[in-house]
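Here are the chains, one letter per residue:
Protein chains: 2
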Amino acid sequence: MARPKKTEDGAAPFCPVKATLYLLGRKWTLLLIMELMGGVKRFNELSHALGGVNSRTLRERLRIMEKEQLVSRRVVSHIPPWVEYSLTPKGRALFKAMDDLSHWGRRWMKPPRPAAGKSR
Amino acid sequence: MARPKKTEDGAAPFCPVKATLYLLGRKWTLLLIMELMGGVKRFNELSHALGGVNSRTLRERLRIMEKEQLVSRRVVSHIPPWVEYSLTPKGRALFKAMDDLSHWGRRWMKPPRPAAGKSR
Chain B
255 MARPKKTEDG AAPFCPVKAT LYLLGRKWTL LLIMELMGGV KRFNELSHAL GGVNSRTLRE
315 RLRIMEKEQL VSRRVVSHIP PWVEYSLTPK GRALFKAMDD LSHWGRRWMK PPRPAAGKSR
Chain P
255 MARPKKTEDG AAPFCPVKAT LYLLGRKWTL LLIMELMGGV KRFNELSHAL GGVNSRTLRE
315 RLRIMEKEQL VSRRVVSHIP PWVEYSLTPK GRALFKAMDD LSHWGRRWMK PPRPAAGKSR
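Chains as they are written, first to last, in my numbering: chain B, 255 to 374; chain P, 255 to 374.
The set of hints was computed from the structure by calculation and includes no laboratory data.
Heads up, some of the hints might be wrong.
Dumping the calculated DSBU-like pairs for lysine-lysine here, alpha-carbon to alpha-carbon at most 30 Å [claimed, not checked]:
1) B:Lys364 x B:Lys272
2) P:Lys350 x B:Lys364
3) B:Lys321 x P:Lys364
4) B:Lys344 x B:Lys272
5) B:Lys321 x P:Lys281
Residues on chain P that point at chain B, a partial pick, calculated with CB under 8 Å [to be verified]:
6) Phe268
7) Pro270
8) Val271
9) Leu275
10) Leu284
11) Lys344
12) Ala347
13) Met352
14) Asp354
15) Met363
Listing some non-contacts, in silico: residues in chain B with all C-beta distances to chain P over 12 Å [to be verified]:
16) Phe297
17) Glu314
18) Ser326
19) Val329
20) Val330
21) Ser331
22) Ile333
23) Pro334
24) Val337
Backbone N, C-alpha and C fix where the C-beta goes; we use that ideal spot for every residue, glycine too.
In isolation and in its complexed conformation, chain B is listed as follows:
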């Protein structure tokens, strides 16, 4: 008999490993974690570091990561005020937990080869 794949209410059971992969697979998340491993960063610094991202997307992404307790946000009340972001212990632990997987990727994953020319 097949192993049951669903809980009683028909939903797939929660898998923390899949949830982690889903979280890491979202655009900008990984880059933001990598940037913030370098220390506290202002919004504008993150924006510059990420190049292509627009401010609205970045703000939204950071808000989600704040909700997930990966980053913490702090408003510095200077004039003019600024907003800065840093990794929480949870965010730092995630970066460290990625270490072996990053090594694996660099060891084993190669860029897809360009399609072979048809000149022959």
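With chain B held as given, fit chain P onto it using these hints.
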């Protein structure tokens, strides 16, 4: 100035870590790797272990994983013949590289709380 995000031909540069996450994020891949860590498995055994997957999807998924050199496929020429799968060194290394990230997930990722009732 923003850091360049694109290569000269306009494509995003290849990132082995993202490629790894993409690979792991595909449905069934992680479960198949986990099943095959238990040793060589016949197609039917994998099919049973995974419950909900249909044979065509499973065959296709295993073919992709074979192409990615994560699993190896062997036809055993008994009568009737059968097909069995095992992890390659690359596949086993991937499972081991997932270890810290799995721990992180189990430590930090919680199931989403059900939506609050509106009875109050």
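So, going through the hints one by one against the coordinates:
1. B:Lys364 x B:Lys272: Holds. B:Lys364 to B:Lys272 sits at ~24 Å (cutoff 30 Å).
2. P:Lys350 x B:Lys364: holds, 19 Å
3. B:Lys321 x P:Lys364: OK: B:Lys321 and P:Lys364 at ~13 Å, within 30 Å.
4. B:Lys344 x B:Lys272: holds, 17 Å
5. B:Lys321 x P:Lys281: Roughly 26 Å between the alpha carbons, so the hint for B:Lys321 and P:Lys281 holds.
6. Phe268: Result: holds, 4 Å to nearest chain B Cβ.
7. Pro270: holds, 4 Å
8. Val271: This interface hint holds because 5 Å falls under the 8 Å limit.
9. Leu275: Given a least distance of 5 Å, the restraint on P:Leu275 holds.
10. Leu284: Since the shortest Cβ distance to chain B is 7 Å, the answer is holds.
11. Lys344: holds, 5 Å
12. Ala347: holds, 6 Å
13. Met352: holds, 6 Å
14. Asp354: With Cβ-Cβ at 4 Å, under 8 Å, it holds.
15. Met363: holds, 4 Å
16. Phe297: holds, 14 Å
17. Glu314: Given that every Cβ of chain P is farther than 12 Å from that of B:Glu314, nearest at about 19 Å, it holds.
18. Ser326: Holds: least Cβ distance 15 Å, greater than 12 Å.
19. Val329: About 25 Å separates B:Val329 from the closest Cβ of chain P, which puts it past 12 Å; holds.
20. Val330: holds, 24 Å
21. Ser331: holds, 28 Å
22. Ile333: holds, 27 Å
23. Pro334: For B:Pro334, whose nearest Cβ neighbour in chain P is about 22 Å away, the distance exceeds 12 Å, so it holds.
24. Val337: holds, 19 Å
The structure agrees with every numbered hint stated previously.
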